[in-house]
Amino acid sequence: MQVNKEWTPTIVAFCCNWCSYAGADLSGTNRLQYPANVKIIRIPCSCRLNPMFILRAFQRGADGVILCGCHPGDCHYTTGNYYARRRMTLLFSMLEYLGIERERTRVEWVSAAEGAKFAATMNDFVKTVTALGENKRLEDLRCKE
Amino acid sequence: MQKIGVFVCWCGSNIAATVDVEAVSQALAQEPGVVFSTNYQYMCSQTGQDLIRDKIKEYGLTGVVVCSCSPRMHENTFRKTCEKAGLNPYMVEIANIREQCSWIHKDKAEATEKAIILGRAAIAKVQLNAPLQAGTSPVKKRALVIGGGIAGIQTALDIADAGFQVDIVEKKPTIGGKMTQIDKTFPTLDCAACILTPKMVDCAQNENIHIYAYSEVEAVKGFVGNFKVTIRKKARFVDTTKCTGCGLCTEKCPQKKVPNEFNLGLDNRRAIYIPFAQAVPKVATIDPDYCNMLKNGKCGVCAKVCGANAIDYKQQDELIEEEYGAIVAATGFNPIDLSKFNEFGYSQSPDVVSSLEFERLMNAAGPTGGTLLRPSDGKHPHTIVFVQCVGSRCDGGEKGKPYCSKICCMYTAKHAMLCREKYPDTDVYVFYIDVRTPGKNFDEFYRRAVEEYGVHYIKGMVGKVVPENGKLKVQASDLLDNRQLHIDADMVVLAAAIEPDKSARPLATMLTASMDTNDFFTEAHPKLRPVESPTAGIFLSGACQGPKDIPETVAQAGAAASKVIGLLSKDHLLCNPCTAQPDEMMCNGCSSCEKVCPYGAITYIDKEFRGPNRTTLLRRVAQVNPAVCQGCGACTVACMSGAMDLKGFSNRQIMAEVDAICK
Amino acid sequence: MQRVKEKAIELLRSGEVSRVLGWKTGEFFYDLTPAVFESVEEVEKGFVFSLFSGANLSKYLIAESKKEGKIAVFLKPCDSFSFVQLQKEHRIKRENIYAVGIQCDGMCDGESLRSAGCEGMTGVEDGESLTVHTLYGDQVIEKKEALLGKCQTCKSKRIVDFDELIGQQGEDVPSDRFAEVAKLEAMTPEERFAFWRTELSRCIRCNACRNVCPACSCEKCVFDNPVSGVQNKAVADSFEENMFHIIRAFHVTARCTDCGECSRVCPQNIPLHLLNRKFIKDINELYGDYQAGADFDSRPPLMDFRMDDPEPSVIYTRGGAAK
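For the record, the sequence lines run as chains A, B and C.
Position one of the first sequence corresponds to residue 1 (our numbering), numbered consecutively onward.
Position one of the second sequence corresponds to residue 1 (our numbering), numbered consecutively onward.
Position one of the third sequence corresponds to residue 1 (our numbering), numbered consecutively onward.
In isolation and in its complexed conformation, chain A is listed as follows (with noise of 0.2 Å):
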């Protein structure tokens, strides 16, 4: 079944649960499109996305991974979202070190308004990672059936 489809990349989207996820809402309320193959998990605030989940993410099998949270000094617990942004962007670019492609990773902050802006970027983000075709320097292989 798999085989005649074309390859879509399977994206991660890590959404805190004050902002982004309801930016996430308000882009589904507006009826704003973007690809199926995102799916967001509902994380209390950017500051709890643990480097592992991005990894666990990668090692079984995603090909993008976007964290959302509010935007920096909107954070519901004030500060959540600063931690967050040096933790990622020293994750990402130990990632780019690796030689991991660097446009696998994002972080966007995407408060409640900002419906349009989701869609918009889940739109880039697919697009991107499309581009970039298949995790397969990170990916477990074990993992795939």
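Treat the hints as calculated values from the structure; they're not laboratory data.
Remember, predicted model here, so these are calculated numbers, not experimental data.
Each statement offered as a hint is correct.
The calculated lysine to any residue pairs, modelled on SDA-like cross-linking and capped at a C-alpha distance of 25 Å, are: (1) B:K108 / A:D124; (2) A:K136 / C:S201; (3) A:K117 / B:D107; (4) C:K220 / B:E608; (5) C:K220 / B:Y604; (6) A:K136 / C:F193; (7) B:K401 / A:A113.
Following the hints, complete the assembly by docking chains B and C onto the known chain A.
Relative to chain A, chains B and C alone:
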């Protein structure tokens, strides 16, 4: 192994038109742990909820997955449904197949496949869910109002009337705020002081209200129901318990050249002063920047003349710690600094004044005793030009603000009208972009200014004001007549844009309340929750939330008060049970989690553990206060050993979702 | 060199401490391992401080400082950074420790001498240049050629915290320790991927790096914890090595003092320090210079932020790795 029930909602055609709900419920029925799977037209309806409840009982479900709209819509609904059926409410997970699936995809096959994957992720998560109990935290039945203007005063009075203790913190020596400086109020033209000062006195006399004047909030800790606030009571160098407010010191003080901020520097006061006659509290304050005694130890006149022996040159700032259940921000506004507006000559001529300065020049208690005189030569002005929107509605400019300051149209009409009424020999011009008069009796008021009082309203902006030979040469354009105007004015009055008080930004940081790009406090919902901040327990009153006139401010102040009263009338608040929890066996005691916790919810204790060979080991381990923890999860990532985990969003749960999605 | 041993004996004899943490000789003269000595006799018999005392002793204090009685420890400048970092993290009980700082001008090991061309070594005389006694006669080599990798890029001669000093207090010294990182950054992603694939695929998951690292001192490592979701002990596949090393490097970010022990002990000679140094270099460039363990008060950069920190997209646009 959990026994999981899956309930797929059609949401009428909202979901069912794009997602094959039957296929979803069948596919999810095959997932490990799923013992029951069905779909129904409206899961959130009473029948839908009954269905869930019946199946929980029938199958002895230990976990429920609802594939429906966003958890932001109905998570609570379904949690309550399960609770009624005897299932722990936190054993419910929602797969968002409406906002994040059916509404954004057109291809039915694609959307159905995605819905199944989202369902699988929710099932994988619920497998690892654990029953959670929401704890409770007590509510401290005392409110803090920050800012003692009309907004703060009204809020405090309303809260106090309901029988709760309330403290007002005001950074100036007296409460009253901007309204004390205003002469008359639109559209009724009644005197501001006459309606405000009784309220100020009420505040002082109300036994439920405590006023911390000349004080500032220094630090805020805690959370809704349990804020701990440090208030800095600045040194007045006057013992407020002894001072009778007789004012003798303010007459005898030899330092006479202190710009009087109450009159916006249009006249002078002494180094020891009472801002104005009706100040509350009516006690003197020494200005340490000007007092000779404090600066170089030479003087002491006020201490000599004070019969009450209230002067204390050695007084220090005092730090007060108080606990509050709710906090109201009422920090108000200020006119913007006009010195950047060179084109209007504000810095070049004293006869170009801001509207608030004009209020003082018209006020009986002002520097001119209520007679309108030019600041430069004290002569009566005959031609007055009012310029509206100075700094308001500026697009992208560095000098001004993008928003409409809202009150300027009305007070300018008021000023123009008062001028013409008191001095019928004056010519009054008002330059405007638009005249905005939405409000009860506002348009009638403006029309009276034009029709009855003969104020010249000219649509157009003033281009330039040049002081020349004691006159102000005003160049302007009349857009309706399409011509250039040159007016020789005696005075020019600038309707300065208003901006939030500078103290609001640092305060917002302390309160963890959010602000917009203009530094106005953000409301929890612009339409439905206009007086609440998104941060629980923080409420908004007055112009700190956006430009407002007095009636609006008072209405919002009352609304904020009623929200506070609603909160304070509860004895306990339910806590979010999704809090961080350390595994003590794995905790390194390294303090990493404590450093990133925004709430100070983490502390450390030395605890005895069993070591090898029947020894005991004393180890430093983290403790989380579940009443303080808000569940952001910052600590869980800072924790290297993974000892810290978040209930409801645990490492394993999120990892299980990742696995289900990436499969 | 002898003064160190004498100091150990003196401290035990005077009763100032009941144990001494130092180095003891192994099968070969260049094969020194950390050890605890409980008596003067033990010290006299086994204690060695020599050109081969490269091992950083600070990590052992986590367990040793919690035992009965006071323990003396000998710390070279780089070790003292780890010592301070561990104190900042409340991992060791300072009051149970008598810290003796030793100035150092670089350490060697058997391998570093072998790679400098020595075979069948029987002894070494320290000095400006090293005289190596071998089965085939004496060999004189430049010391800097035989230094440990971590000593070749020594960053500081300063001993951050000590109770007593043997030798002179030193200062931070200029070091080009980021040169190798910069070289990698200048490569194409494909070249970097190939480089790391070659290096990391040699990993046998022996956990030597983890065990020696003073920053890797968790009560229980996430990779050993069945509930962490990433538990794995065997060398299962190529990704898991990557994941282990990435996560390990991330966990020690801003806590790693760059003591270089990970690379020193790796039996497969994987340049693991280049992962840690990448993080250090990034932190220095993005958030301002930071040296873990250099003081007691500074806030670790990952537990800190500035409102105007660069956005993660900075890695797309800045030089180095983004080329």
